[in-house]
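Please model the entire structure based on the sequences and the hints provided.
What follows is each chain in one-letter form.
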Amino acid sequence: MLRRLRAKRYALIFMNFSRLKKQLVVFFAVLGPGLITAVADNDAGGVATYTVAAAMYGMSSQYFVILTTVLLAVTQEIGARIAIVTGSGLGDLIREHYGVKVAVFLFIAYFVVNQGVVLQNVTGLKSAIQLFGLPWQPLLIFACLLLVALVIFLNYKNLQRIFLVTIVFYATYIFSAFLSQPDWAEAIKRSVILPQREFLTDFKYWFALIAVFGTTVTAWGQFFVHSYIADKGLKPEHLKQEKAEVYLGAILTNVFSWMIAIAVTYTLFINGTSIEGADAAKTAALAIRPVAGELAYGLFAVGLLAASFLGLTIVPLATAYVFTEFFGYERTLNASFGKGRVFYTFFILQIALGLLMALIPQINLFGLTLYADYLNGALVPIIFYFLIRFSEDKQIMGEKYITRGFSSWFLRLSAIVIAFAVVATTFGRIFVK
Amino acid sequence: MEFYLKMPYISELLNKKITDSSDATVGRLEDILTAPKEGAFQPLEYLVVKVKSDETKFVPYEFVENFNTSEISLKNLFSNIALSTLPGGQYVYLKKDVLDKQIVDVAGTRVVRVNDLRIGTVENKVCVLGIDPSFRGLLRRMGLGDSVLTRFFELKFIDWRQAKLLQGSMPLQLNTAADQLKELHPADLANIVEDLDIKHGSSLLASLDSAEAARVLEEIDPDLQTVLVKHLGPERAGKILSQMSSDEFVDLVKTFSGEETKEFLSKVSTSRAQSVQKLISYSDNTAGGLMTLDFFAARPEWSVSGAIEELRKVSKSMRSIVHVYIVDESGKFKGAVSLRRLLLAQPNDKISHLAKEFAAHSTLKPHDKLPKVIKLMTKYNLYTAAVLDKEKKLVGVVTIDDVMRLLAPTA
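Here the protein sequences line up with chains A and B, keeping their order. Numbering-wise (our numbering), the first sequence opens with residue 1 and increments by one. Numbering-wise (our numbering), the second sequence opens with residue 1001 and increments by one.
It should be emphasised that the hints constitute simulated quantities derived from the structure, not laboratory data. Hints should not be assumed to be uniformly reliable.
[Claimed, not checked] Below, computed lysine-lysine pairings styled on BS3-like, alpha-carbon distance capped at 25 Å: (1) A:Lys-101 / B:Lys-1050; (2) B:Lys-1334 / B:Lys-1267; (3) B:Lys-1156 / A:Lys-101; (4) B:Lys-1096 / A:Lys-394.
Here it is as structure tokens:
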């Protein structure tokens, strides 16, 4: 009797193990969209914002980190779910349900916003090259050409591998955080429990918080996770694993931004060094060098390089996806250049425009990207509106997959909070800069 | 004048007010229903009329009096014909199921989206003729249909008969691969041009490439041809006219005044202008007036394979080839060989050996009148008849479709 019971228990354990193994295999199969999109939200513009805020307010600048993580996870999950159930991109759905006019106006705004983000990332790439002490003009052109070639000639799978490897480079921020010899207990206390009391009455501090919060939630991020999943062709049976992946992405992203804040706080903030402007990330790296040493400086530069590279690839791709979805052209990373001509054209167009603007010294990049950020702020709430409409439509989602009950209300609340936050950010940045 | 009533795009009809026989506005056009059968132009079956914001009614298309961009009206009183529910059967909602939907080809490649739908008349029934996937369609939907912008973009139609409607929110599938997309047949395009007013019709013509435009123009009603070409002017029409078959061109030029003829001829190639000048001299209802100058002439000493080789080179520039005409160096007619004979012959055979016995009574003279042309072609079962001058030189060929057009001008 006892032996049989024991055998049964072993069988159960074994069964659980094989189930776990199977789930892990599926998890790695779906791996990609959620993680890449979330981490790419920490692009060069994101790094600059975290850096500026942390230099001014230390770890108190990360006070919204948990809130941001939850909201990013929720909104991305809804996008992922719609994409998996419908097999269409968000652009497809908007065009089919709201018609031509909405699609055209949305696309124009979206293109401009993304162009601004591309510009931020070209600038970031330029800064990273300069940090390594290399001639930036030829290398910047070379990097952009390389990037275009990679996207055109590599198929979906290999390209995704490159994205995932790039994410590994973000880990350099974790190392530079350790090298800054932080006070971990204080860091957690300031960012999770209570910020420094004197900041609470500082008007600018709250705007900085919202800026940090707003830079993670982007219009292109919502479209991209959607298109990327549709392109990957995930099925409803992958829903659970995809959800886990999206959540992992949201957590990882905010771990990275928290680490960036640590690296800056315990080098610049505690020494009272403040930085600002378009080159914030570069200025920060230069300021870190004498305090934390050559290695921390190098790691910070590598991190910026990875962030810019990922942003510079993903954002133009997000533009290309949406254009082809709105107007019905072939949209897949697996198409040859001939077949996906429109898709690749929009991708190349955005990089070329960004590169061109970065190469002309007279253009005030900081001013330009600021306007793009304002527009992003206006666009994000509109996209949440569509997410809510689509995810709660039984005809689109089917009875089984619609957002309902608590999560339905939570989504609305999130949308309002984000809308408010992002709009506030646009005003906030005028003061904080 | 029928053609001044502009046949519409669906985007120009949706949301239009609908009036019934008492001139009362009964509602707005919400959608249009047709049958989901493939491979044919399906007549419109019902109009979906939005009576109130939460109430729609269906009106069978047979009760529609006018259906164009300026008005949609019904033949009867709305209360007598409107249905609250649809009779059984399968329907396609043109707006809900088709407009803005993705089009994919047989391989599943995304082609474009349905930007608009062109409605027109086929066999006296109003049908959806084509899908407009072009950027112009997009501009039209944006309300920029007549703007200067639209001129820069080509107008395109995908033949409706190629579309296969899949169930649900699935895309519209085409029967062909994307790179072999057949667009509307010139005759159907011609119908569309006839439905448009002059301004839109001529801009549609101008948006096609000149060979395509020429083929469309040939299919258009002769009176309208004149108006269209004049509206386009010598500069823009010149290219299209150069691509037209010579007999059609001549018919067209004959409607012009002397001054205009000169002007238009100066814009086409010189060889074309010369041959046209010659043809103009014959009157309409004679063999000379009917004949075309586009024929394939071979020398008697050519081999069959040589002739076929030559045929390959020139066939693009000719409308149709039924016979090969044998002509010696001096231009004298030596007989005709059907394509069938040519195909069946040995490649090394000499062309002159294949020719049917040359019979003087089975050829025409330029001044032969229409009844004689008909009689001769019927008697000898000819698809084409050679037209010879006094010196037995071949000057042109009358083909059966030129005769048919005279006999049945309304087709």
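Going through the hints against the structure:
no.: 1; hint: A:Lys-101 / B:Lys-1050; verdict: holds, 22 Å
no.: 2; hint: B:Lys-1334 / B:Lys-1267; verdict: violated, 35 Å
no.: 3; hint: B:Lys-1156 / A:Lys-101; verdict: holds, 21 Å
no.: 4; hint: B:Lys-1096 / A:Lys-394; verdict: holds, 17 Å
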